[in-house]
Each structure stands twice: as C-alpha cells, then as structure tokens.
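The residues making up each chain are set out below.
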Amino acid sequence: MAYTAVATGKTPALIVYLLDISGSMDEQLEGISKIEHVNQAIERLLVRMVQRSTKGEVISPRYRLSMIAYSDEPIDILGGVHTIDEIVQLGKPTLSATNSTDTAAAFEMARDILRREIAQMGPSPVPPAPMICHLTDGQFTGPDPEPIAREIMQMETPDGRVLIENIYVGPNLTTQPIYQVETWGGVMQINELSDQYAKKLFNISSALPASYAEVINEMGYGLQRGAKMLIPSSNKDLIELAFAMSGATPTGR
Amino acid sequence: MNQVITRASAQESGEPQYYQFSIPAPGGAQWVSVSLGYRRSADFDRANQPGQDYAIVRAGYGSVVGVVADGVSQSFYGHFAAEFVAERLLEYLWERRKTPPSAHQLNGILHEFEREFKTRIDCYVLPTRLQPLQRHALEQTRRQAGSQAVFAAFVLDAEAKSIRLFEVGDALAVVHCSRGETNGSHSKVIQADHRGRWSSAGRTNLLLEEINERDVKGIVIKSDGAKDWGASLASHRFNRAAFFEVAPEFAGYDDVSFVAAVFQDERSDEISAIVGEGLNQSPPPVMIIPIDPAPTLHSSAPSSLPPEIYTHGPKPAKRRRDWKSFAFGSGAGFLLAGVGLLGLLWGKVFTFKPNAPACKVTVSKIQVPVEAAGTTMELDVSADKNCKWSVTGVPPWIRINPRHEQSGNGHLVFSVSQNTGPKREDSFEVGGNTLLVKQVADINGPSSSPDSEIVNKAQENGSKNTQATAEQKPAQKDTERPAAAKKTTEKLAPTKKNAEKPAPANTKATKSPGTSRRKRQPETQK
Numbered sequence: 122m123a124y125t126a127v128a129t130g131k132t133p134a135l136i137v138y139l140l141d142i143s144g145s146m147d148e149q150l151e152g153i154s155k156i157e158h159v160n161q162a163i164e165r166l167l168v169r170m171v172q173r174s175t176k177g178e179v180i181s182p183r184y185r186l187s188m189i190a191y192s193d194e195p196i197d198i199l200g201g202v203h204t205i206d207e208i209v210q211l212g213k214p215t216l217s218a219t220n221s222t223d224t225a226a227a228f229e230m231a232r233d234i235l236r237r238e239i240a241q242m243g244p245s246p247v248p249p250a251p252m253i254c255h256l257t258d259g260q261f262t263g264p265d266p267e268p269i270a271r272e273i274m275q276m277e278t279p280d281g282r283v284l285i286e287n288i289y290v291g292p293n294l295t296t297q298p299i300y301q302v303e304t305w306g307g308v309m310q311i312n313e314l315s316d317q318y319a320k321k322l323f324n325i326s327s328a329l330p331a332s333y334a335e336v337i338n339e340m341g342y343g344l345q346r347g348a349k350m351l352i353p354s355s356n357k358d359l360i361e362l363a364f365a366m367s368g369a370t371p372t373g374r
Numbered sequence: 004m005n006q007v008i009t010r011a012s013a014q015e016s017g018e019p020q021y022y023q024f025s026i027p028a029p030g031g032a033q034w035v036s037v038s039l040g041y042r043r044s045a046d047f048d049r050a051n052q053p054g055q056d057y058a059i060v061r062a063g064y065g066s067v068v069g070v071v072a073d074g075v076s077q078s079f080y081g082h083f084a085a086e087f088v089a090e091r092l093l094e095y096l097w098e099r100r101k102t103p104p105s106a107h108q109l110n111g112i113l114h115e116f117e118r119e120f121k122t123r124i125d126c127y128v129l130p131t132r133l134q135p136l137q138r139h140a141l142e143q144t145r146r147q148a149g150s151q152a153v154f155a156a157f158v159l160d161a162e163a164k165s166i167r168l169f170e171v172g173d174a175l176a177v178v179h180c181s182r183g184e185t186n187g188s189h190s191k192v193i194q195a196d197h198r199g200r201w202s203s204a205g206r207t208n209l210l211l212e213e214i215n216e217r218d219v220k221g222i223v224i225k226s227d228g229a230k231d232w233g234a235s236l237a238s239h240r241f242n243r244a245a246f247f248e249v250a251p252e253f254a255g256y257d258d259v260s261f262v263a264a265v266f267q268d269e270r271s272d273e274i275s276a277i278v279g280e281g282l283n284q285s286p287p288p289v290m291i292i293p294i295d296p297a298p299t300l301h302s303s304a305p306s307s308l309p310p311e312i313y314t315h316g317p318k319p320a321k322r323r324r325d326w327k328s329f330a331f332g333s334g335a336g337f338l339l340a341g342v343g344l345l346g347l348l349w350g351k352v353f354t355f356k357p358n359a360p361a362c363k364v365t366v367s368k369i370q371v372p373v374e375a376a377g378t379t380m381e382l383d384v385s386a387d388k389n390c391k392w393s394v395t396g397v398p399p400w401i402r403i404n405p406r407h408e409q410s411g412n413g414h415l416v417f418s419v420s421q422n423t424g425p426k427r428e429d430s431f432e433v434g435g436n437t438l439l440v441k442q443v444a445d446i447n448g449p450s451s452s453p454d455s456e457i458v459n460k461a462q463e464n465g466s467k468n469t470q471a472t473a474e475q476k477p478a479q480k481d482t483e484r485p486a487a488a489k490k491t492t493e494k495l496a497p498t499k500k501n502a503e504k505p506a507p508a509n510t511k512a513t514k515s516p517g518t519s520r521r522k523r524q525p526e527t528q529k
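These protein sequences, in sequence, are chains B and E. Residues in the first sequence are numbered from 122 upward in steps of one, following my numbering. Residues in the second sequence are numbered from 4 upward in steps of one, following my numbering.
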C-alpha cells in the first residue's frame, strides 16, 4: 500500500502526538516561549482538523488523536485516544514546560497505544496508516529513543507502515537558512542538517508519502514527496508547517 | 395541457424523497417523465442537520429545467450554497429556457449570485451552542473558503429533444441519446473539472462547462453521492423502488440527489413519495437559534479570535431592512437561518430593536404556502412561561388575531385574504421569528391551490377544476402563456402511494458524435 487510504468517519486517521514539555521549552523563540509556539500551533492544527472534518455543523470523526506530553515521564493528556469531535467538546489542551526529557518513555507509550490500535484494525475498510508526530527542542535525558522509534516505523498496517514525523524546535538546525517556508521543499539529505540531534531525528523520520505531499501542497506549502518528515522549526511559520503536515492525511471532499 | 410544476428536495428531512410527474412533449405523441430523488447523508441523521445537496426541477410548456447542487463539505455550511445557487439558477434558466445562456453569460451571472450570496453569508451568526474550537474553525472557513457548492443544471427543449447542460465541479450528468449507435441509443457520463467551485468567498474558479446535446432520450443530473444511479434508464433500475433501495446505502457515504427527464411513450403516474409516513417536519437544529439572553457574542467568543468576526451584519440603522431583503430573497434554508440571525442581532448583540423578546420564542412554521382563495391558519407558538411576544410587521393582506402581546405558549391565528393578482409573498414577525407567507397567483379564478399540482388548460379556460389524470393524452404543441401559468412548488408533500410506470430505455456508455462541448470559461483568481 502507498498511503492511499482516506480519513473518513468510518476509517479515521490515528495520530499520536509526543510533545516535549521539558524545562528548555520555556526558552524564548522569536519573542515568546517555545511551548507557547507549540500551544498556538496545536490550536491551529485542531482548527484545521475540525475544518477538514466538518459538513455543515456536523464534525465527522475523521481523526483520532492521542497526545502524550513528556518530561520526566509521559503523561496522556487527553486520557486516551479521542476523535476530533470529542476533542472539540473537551477543548484544546494547553501545555506548560517542566523538568527533564525522557523521550524514550514517551515513544514506549506511543508504541503501546499503536499495538492496541493496530490489533483492532480490520482488513476492510482500510484506515490510513497511523502517524506519530513527535515534537522536541533537544536532546533526551533518559535512554536513547531511537530503537523504539525504529520498532514503531516497522509496524505494518494495510495502508502502510506507521509514519513518524519529527518537529525539532530550535535555531540554526540547517546548513542553509529556510527563508521561504511556503516554497521550501523539505529536508531531502542528512547533510542539509547542521545539528547533531537533528541528524539523529533524520534517521527516525519517515519519507513523506505522495498523497500527503499533495494535501500539504493544497495548503500552500511546497514540501515534496519523499522529503523527510522532519521539520527543523527555527521559527513559528515552520512550527505551523510541521503541525500542518501532521494533519495532512488525505480526506474526501 | 399547459402546466408548470416545480419540485424541490427538503434538505431537513431524513427520509428518502422521490417525486415523479410527466409533461407532454410538444409536437409528438411522447411525454417527458420528470423525477427527483433525494436522501441526505446518514451523517446528518443523528443530529438532524440539513443535508448538503439540493435538487430542484421545473417543467412545463415543453421545457424542463433541473438543477442539482452539492454543498461542499469543509466549506461554510455548504447546504446554504447548494440551496441558494440551485434556486437562483432554476429561476434564471427557466426565464431563458427558450434561448438558454452561453457559458460566458452564465459565468457572469454566477458571479453576481456569488456577490449577493456573500452578503448573506457574512450576516449569518453562528449558534452560540457551538464550542469555541468549532466556532473558530467555522469563522475561519467563512472568511477563507466561504460557503461552496458544485452543481449540474440543464435546460431541456422537449420539442427539439435538445439539452444545454452546465456543470461546475464534480456534479455529474448522464445523457442518453438516440443516435450514433447501431442499437439506436447510447449514454455517457459528463463531468466538469472537479476543482470548480461556486463560493460566497468569490475566490474559487467556477471552471464552468457548457455541453449541448441533440437527439436526447433522457438526462440524469446527480450529486457524486449518487454513484452509478441513472446509468441505465431501464425501468427496473430507474424508478422509485430502485431509488428507495439504493438511497440508504448511498446515504451511508454521502448525500444523494438526482433530477431526471426522460422521454416516454406513455405518461408516468404522478408520484410524491417519502419512505415512512411522512417527513420529519421539526426544524433542524441548525436553523433554530435561540434568542435567550446569554453572554454577548463577544464574551462567548474564543479569546484568540479577533472580535470583528463576531460582529457581522449590516449597519444597525439599516439592519432591519437589509435582513428582510435577505429573508425574502433566499430559500427556506436562508429564511430559517435568518430567523436565528434576527433573533441574535436584535435580541442579543444589539439593543435597539424595540420588541425584541428577552427569551426563547419559536413558531411551529416559518414558511406558509397559501392558496389564492385565501385561508385562515393557526400556528403554535412556543415560549417560556413568562416570555412575552407579539406580532409585528404584518402586511395589509394578512389579518392577525389576536394582535395584542401574549406570553408563554399560545396560538396565532391569521387570515390571508384572497389574491386576485400575481403571486405574492411577505413576512411578519412573531416574537422575533420571521414568518414568510407565500400566496400563489390567481389570474383565472379562485380555484388554484399551492397543493394542487396541475393546472390544466381546462382550468385556464374556466372549466371545472380537475386534476390531470393518466387518461389525458399528450397535448399538441401549446402556445406558451407564461403569465397564465401556475407554478406550484412542493417541498414537504404528503406521501402518495401511487403505482409507477416503468421508464423504457436501453442505453450503454459510448461516445456521442452529436455533442458540442464549449471551451471552459477561463477565470482569473480573484
């Protein structure tokens, strides 16, 4: 399969967010804290998902979301996997930064969610392959998350393997500055990255499927198919692009 | 026999709808069987929200004009766009049915419709019951995408057996022709560029296509939810029973609607059928916006939203007039929406309206068709126990009893005088709700009725008022007399369990040599 399944009310897309809320997320980026950038981006993401799920006033459960915030330990901030219409009732979450960065524990929690969810997927109709959207601003302080992330990337579904997107918030992550977010084609080669941890994230980032690229292009961005699902987010526009990518599962009209 | 019959779908109904009637084809022994089917998506059933499709057809004097519009999901209340553009198109094309417009002409008209529609969409106030995230999403959608629809529309000349078809977006048409093939018939599916949109935002490309066909045996226009419906006109695959069989399945995925006009040797029985014992006539939640005192719109808006998006609407000094024109000019959906807006604008946000009730008042109907002879009607008014309401803005041809202020639940009795002129419509207010009264014309005497679906030549000549029956023969070519025609629109018809005649047709999909397809109208992104 080539990630062609469409997110519908009957075949919702599952997206698991792993959100780093370590103390460093309180650092400033373009005048406000990184965590505030993330809060704003999450709100815009949820609004976009609601728009993409709305018919009249009816919100179709096209997306099922889990949000795991992690520092010392992962916290399931939504209390399970919820559909987008349920999240509208819950309201948007607001994150605040605390303590250290146990990235591996967060990936473990995500892996366990995916195991349960994939086991429940029937052969038909085929839902879109699940996605993990991992946001961080730097090095982990616990065990190396890469083995678990690679394990996740091997998890098969009828629509394709689980996708992992990484959003790395911080300055000077690429060898060449990204001036025009709208026309930027994405990270294609590891040598486009200047930061060592960004290079590590490169290895645990999936390639952008063509069907997702098409949706992102319709949003006005220039990301190319095959680009790594890794967004070095040195400003708020790139953070927004990154969250837009996480909601780019194809949907019907 | 001259008659003009109009049928339209009811977006608010959760029941499958099917209408069928025939008109004589001038100059021959044939009839044109006209049918319309509708079933809203099952997604809307649970919350009883209106479907996003809208289908409407008008036939008479040897012409059939049909429009199927599909409100675009992910746009701002797409059902508004579908209803508005379909009704506007129907009126416009009907007036020009003898010389249908070119794509270029219609392109300009559609943009005029967009501008008119935008003013109405801009005035629509979102229900306060929506959660902040959804309000935010809808407001953004209103600004960026607007309310959008795609459509297919046709004008059939029954004498020439030719059609002019217009399409925007992925609405579909199946045209069945009687030449070009050795077996005597063929059909083909026609679809415009799927990216085309008609939108209140005015920023989309219409990508309007015009297609002309001759030697037509039948045409079916439909929304994309109708799948392969109409690919064959064989009687067992294209009738009420077949539609009622597939409609629930189709509705599991999307709204489904179609309009068809098919030449037949015999007249079809009239069918006005809805599964079950009738429509659910309770207004959909989207249309009922309570006017209770509540936090102001500003205070109920998400803090991250700019306040200006909650203050849509015309200037206060002109608000009343502007709103009335809004309500009159649109269809039922907009009228209903207008009721809510009126309540919000006058009852909550602004304080200048004199009789604005400070509580929830609803009326059992918001639109009333009245026969030309006049009538006396009674409506239920629901209101909280100590909630006072009154009736204002009553036109001179309607009398209200009682006129004094009431409180709580009650009844409103009103009399509509006989109409001896052209059709008329006006509205008045009941506790902040706008009630629209439409009365048909009565040029030929007081016998016509909005529920009477056929007014034949005999009626026009003052003969006994009889409904056309299946025994009537097709009329010879009629001299058209539009001024004398009676139009009847039936939106919420009672169930009729008439037998149905099969529609003969044997077609298969092939290419047609008789098609002329005009170049798409290029547009510049606005």
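Any given hint might turn out to be false.
[As the list claims (entries may be wrong)] Some, not all, of what chain B presents toward chain E, calculated at C-beta under 8 Å: (1) V127; (2) G130; (3) L150; (4) Q172; (5) E178; (6) S181; (7) I198; (8) V202; (9) V209; (10) K320; (11) N324.
[Unchecked claim] If you want the footprint, here are the derived chain E segments under chain B, 3+ residues with CB under 8 Å: (12) 240-246; (13) 430-444.
Worth flagging that the hints you see were computed from the coordinates, not collected in a lab. Note that the structure is a prediction, hence the values are computed from the model and not measured. All residues carry an ideal CB built from backbone N, CA and C; glycine is no exception.
We went through each hint and held it up to the structure:
1. Interface restraint check for V127/B: the shortest CB-CB distance to chain E comes to about 11 Å, outside 8 Å, so the restraint is violated.
2. Contact between G130/B and chain E, as hinted, is supported at the beta carbon level, the nearest pair being about 7 Å apart and thus within 8 Å.
3. For L150/B, the shortest C-beta to C-beta distance to chain E is roughly 19 Å, which exceeds 8 Å, and the interface hint is violated.
4. Evaluation of the Q172/B hint against chain E yields a held restraint, the C-beta minimum of about 5 Å falling below 8 Å.
5. About 5 Å separates the beta-carbon of E178/B from the nearest beta-carbon of chain E, less than 8 Å, and the hint is met.
6. At a threshold of 8 Å, the smallest CB-CB gap from S181/B to chain E is about 6 Å, leaving the interface hint in force.
7. Annotation: I198/B was flagged as interfacial toward chain E, and the flag is violated, the nearest CB pair being 16 Å apart, outside 8 Å.
8. For V202/B, the suggested interface contact is broken, since its CB lies about 18 Å from the closest CB of chain E, more than 8 Å.
9. Given the 8 Å rule on beta carbons, the hint for V209/B holds: about 5 Å separates it from the nearest Cβ of chain E.
10. Among the interface hints, the one on K320/B is violated; its C-beta lies about 36 Å from the nearest C-beta in chain E, farther than the 8 Å criterion.
11. Hint status for N324/B: violated, given a least beta-carbon distance of 35 Å to chain E, over 8 Å.
12. By the rule of at least three residues with a Cβ nearer than 8 Å to a Cβ of chain B, the coverage given for the segment 240-246 of chain E is violated, with 0 such residues.
13. Given as covered by chain B, the segment 430-444 of chain E fails the check, having 0 residues with a CB less than 8 Å from a CB of that chain where 3 are the minimum.
Checked against the numbered hints given earlier, the structure breaks hints 1, 3, 7, 8, 10, 11, 12 and 13 and satisfies all the rest.
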